[in-house]
Amino acid sequence: MAQTITQKIFSRAANRKFVDPGQSVWLNVDVLLTHDVCGPPTFDIFKQEFGPNAKVWDPSKVVVLPDHYIFTANEHAHRNIDLLRQFAAEQGLPNYYDVGTDRYRGVCHVALAEEGFNLPGTVLFGTDSHTCTSGAFGMFGSGIGNTDAAFILGTGKLWEKVPESMKFTFEGQMPEYLTAKDLILQILGDITTDGATYRSMEFDGEAVYSLPIDERMTLCNMAIEAGGMNGIIAADALTEAFVKARTSKPYEIFHSDPDAQYHSMYRYNVEQMEPVVAQPHSPDNRATVRSVAGTPITKSYIGSCTGGKLTDFRLAAKILKGKKVSVTTNIVPATVLVASQLETEMYDGQSLRHIFEEAGCSIALPSCAACLGGPSDTVGRSVDNDVVVSTTNRNFPGRMGSKFAGVYLASPLTAAASAVTGKLTDPRDFL
Amino acid sequence: METIIKGKAFVLGKNIDTDQIIPAEHLVYSLSDPEEVKMYGKYALSGVPIDQAGLPEGGVPFVEEGDFASPYTIIVAGPNFGCGSSREHAPFALKVAGAKAIIAESYARIFYRNCVDGGFVIPFETAQPLNKSIMTGDELSLDMENNTLTNLTQNITWELRPLGDVVNIVQAGGIFEYARKNDLMASSEA
Chain A
1 MAQTITQKIF SRAANRKFVD PGQSVWLNVD VLLTHDVCGP PTFDIFKQEF
51 GPNAKVWDPS KVVVLPDHYI FTANEHAHRN IDLLRQFAAE QGLPNYYDVG
101 TDRYRGVCHV ALAEEGFNLP GTVLFGTDSH TCTSGAFGMF GSGIGNTDAA
151 FILGTGKLWE KVPESMKFTF EGQMPEYLTA KDLILQILGD ITTDGATYRS
201 MEFDGEAVYS LPIDERMTLC NMAIEAGGMN GIIAADALTE AFVKARTSKP
251 YEIFHSDPDA QYHSMYRYNV EQMEPVVAQP HSPDNRATVR SVAGTPITKS
301 YIGSCTGGKL TDFRLAAKIL KGKKVSVTTN IVPATVLVAS QLETEMYDGQ
351 SLRHIFEEAG CSIALPSCAA CLGGPSDTVG RSVDNDVVVS TTNRNFPGRM
401 GSKFAGVYLA SPLTAAASAV TGKLTDPRDF L
Chain B
1 METIIKGKAF VLGKNIDTDQ IIPAEHLVYS LSDPEEVKMY GKYALSGVPI
51 DQAGLPEGGV PFVEEGDFAS PYTIIVAGPN FGCGSSREHA PFALKVAGAK
101 AIIAESYARI FYRNCVDGGF VIPFETAQPL NKSIMTGDEL SLDMENNTLT
151 NLTQNITWEL RPLGDVVNIV QAGGIFEYAR KNDLMASSEA
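First to last, the sequence lines map onto chains A and B.
Sequential numbering from 1 applies to the first sequence in this note's numbering.
Sequential numbering from 1 applies to the second sequence in this note's numbering.
Looking at chain B on its own, in the form it has when it is part of the complex (with noise of 0.2 Å):
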């Protein structure tokens, strides 16, 4: 696993559900097709309204029109992120956008489960709500092994919520991996 993650912030506000992750339309493509599956990344964070994507202006798409990935790499928003329905499609389509990590003050928990058990992307917390102090297209650079979110455009550092129980499934890169380092699959493989 890689421990820095680099790249530019797309800031958002709070309550981001999962209907404005990727609204309810687009979920009759495959996640398995690679041609339908950049359907996913097109429409990431499509369903949020403009003036509340990108802030602190807002105004800004997460993915241009026409492109299929996004230049934005970490996420960062308050409280409540990935409210909503169960779709697994909504971290999926965050990691086909290009996205890595997520910055939040606290997330729904089925979207949390979503995000670690299926390796999506990194859901990190913080104590304080940072989409008030990063702006879109600050450069962040995530310190996985210190828990730590540096701020190189602003040049400030803070700390991050330890990972906690599910550290060891981040890791592994998701539930699958983790349960046959430790032999929780042993039973039922075929």
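Same shape as in the complex, but just chain A (with noise of 0.2 Å):
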């Protein structure tokens, strides 16, 4: 029978030869991720129902990555640092990457890749709903509660349903002022927020397999705001040559059959999409740059697992180079390796560092920061009736500090030409 890729990671998972939409079944896991918000519970979980001194399934297969309240003063998020530090101590974690220290990484779902555990065909689940960022390796990755990592913990199963897929097909070259979140704005604006609950996104299509991997994270990475199961690319050459560089794990890549059954299918011309933005506060209620262009802002932010990796400040310093912000611009790079990268990576002659210094941003050091508010002295964080444009991934109201705050989701171009102008600004206007 038919499968789609997201059907044969699960038949392989399951130790099954098929699986069908709808069912349920146990998976066995291949990565459990969690972080600083979300370990300390789940590890309280994990003793109550197992024990005091009981042992994780398998140490070496538990990722653990403090990444969202890191530079903070807050006491409280001082102390789930410690737990984490304590409970990696007593089960002997080897994947533990402590603040503090020169293993301390940044944003988990960055990391995750950085590091080699992401691997074509594999099950990753991690206690994020960005943990969909993976599907980008040609994996299932999905987002988990506590309870459900506790579980993983002490028995290396989860159940899920099966999901139907829904394919997305991008043909034609990427212009140089789209970005691989246009692309999933674009979706989001057609599908809503629910439009994918408990299915998988797979992506496909020439514009797509001509991104970088960390474009094609991005694309991933937002399926969840769709409700989204698993966003996923089938793994090619540039994966493959991705992971190798990384890890010497074994990994099995898969492809949908051509006759697999799909819930939808959607296709889309690159060529003839343009730069869109979400405006508050829902990541499905988009509009074009151009249809808005002038809102006049007060803040511009370029950072997250979505919008502060590698490519995304290459093209952000497309834009700011040379010129002067007009607004407070954060620039967030998610890991210490993409801190390290805008020192190296260099752009018409100069660093990425340096552009962005020049052009008057300010750069903060690699964690989830401002993206999800976070405690009151974190860096970006929104305030009074601040409009902010953001290279982030939700925009519900309150969701990077203040209530009253007002954000618009957009690419890294676009938000660049935005801190320029201190209004929305289509970054066709600079390129």
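Take the hints with a grain of salt, since some may be wrong.
Label-pair ranges, simulated between beta-carbon atoms [said to hold, decoys possible]:
#1 Val37/B / Ser60/A: 29 to 35 Å
#2 Pro71/B / Thr344/A: 57 to 63 Å
#3 Pro129/B / Gly349/A: 57 to 63 Å
#4 Gly422/A / Asn168/B: 54 to 60 Å
#5 Val60/B / Gly360/A: 40 to 46 Å
#6 Ser24/A / Gly173/B: 15 to 21 Å
Honestly, the hints are just simulated from the structure, not real lab data.
Virtual Cβ for every residue (Gly too), placed ideally from N, Cα, C.
Both chains are sitting in their own frames, so use the hints and assemble them into the complex.
Following this line, the structure appears as structure tokens:
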């Protein structure tokens, strides 16, 4: 029987030849990811349910990457880091990336890729909704809560309903003013925030395969904004080269069968698309940047698992080189590696960091920072009636801090162009 | 498990996301320390813009200023309840505040799993949008055996969608209780 790539990965993880959409199966989990917000309560549940001296099912498969509330004076946030440290020591977890040491990495979804944990064909669950980011490697990645994560810690298994799949094909050559962020915001406007609930979102087409790995991650990252269980892009030579440069672990590449069944199929020609934003207060509230151009903003924010990766900053630098920003502009690299790349990556003879500093941006240390508001002393947190243009993933009321602020989700090109003018600006005005 | 849940309705709109259910700045509190746990009750649904809280009139806080629990036990909402982050703190906060069930047109996957697997609140689905018919403060009675919801204030009864596959986990009280009953944890018990 024909299967989609997600069905094939489920079949492998459930030791079956075939799985049907709608059927619930028990999956063997390859990696469990957690962080400082959801790790401590997950460990509490684990001890309560499996006993105070219980051991996790496989220490090498548990990855703990603190990233949410790192650079804050909040004592409760510090306590959460202490609890992670303690559990990692008790359990002898080799993949704990401690804060304040040279092992600290930053935003978990990006670090997971950098550290070679993303392997085609595998099953990843994480206590964070953006765990779907890893689907860019032709694997299944999905977010879960603390209870489910505690269950995996003890058993290495979790039940999941086999999803139906939706296919999104992007044809054509990517124009220089368009990014993966524009593609996913376009989809969100078309299918809305529950358009893919309990389903898999599969991305395909020559435009998708022309994207660098970190842009593919952006596409999969926001599958959850449509309610998707996972986003997925089958691995190609670029994926394999990325993986092999970081790990020697085995993997298996799956592709959807040509006659696999889909819930629905969407086709786009990227050459006919244009830069878009999601207006306050929902990721599906799409508008072309041109149609809202001129809207005054008070802040520009370039960061997070969605929009704080190397390609995001390369694109922003293209616009910001030799210009000055006219509103507060926060540059928040997702990880320590991305932060170091800002120093080493050159654009037109200057490092990205130099370009941002000359433009008047403020560069923060790598973490989730204000993407989700965070404690009151978080860098870039929105205040009062801020109007923010942001490369992050959510613009729900209060998401970046103030309940009275409005957030426009945009590509790094649009966020950079708008930072220069102080109002929403189509990047084509600068390219 | 109780088969009848009775209580006052708290009515909300559509796409109630987890940042509205429990704003991210409050996620630092312990979910096991009894004193800190109260904070989740205090801030449950505190991110909902006040004009959207307690429909149809709005302007009704789920938890009164200074309180740690809500007078409302059944939440009624439109589609896509619980969208957004994976934070289990969301259904936990609703439970701590005193909510027992949610009646919504649909749920986001992770929130739904968290409600069921954690045994916090029971997520029922309705075929029709009841958040336009039910008013905040109406007395409701939810019959889990017959899958019906009665509005005692307005004297109307509606059918609820059966819980389906997850009914066994709901009845057990969560994934761990379910797994123990079905010997699914045997291989890993220390």
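- Output the numbers, in ascending order, of every earlier hint that fails for this structure. Result: no hint breaks.
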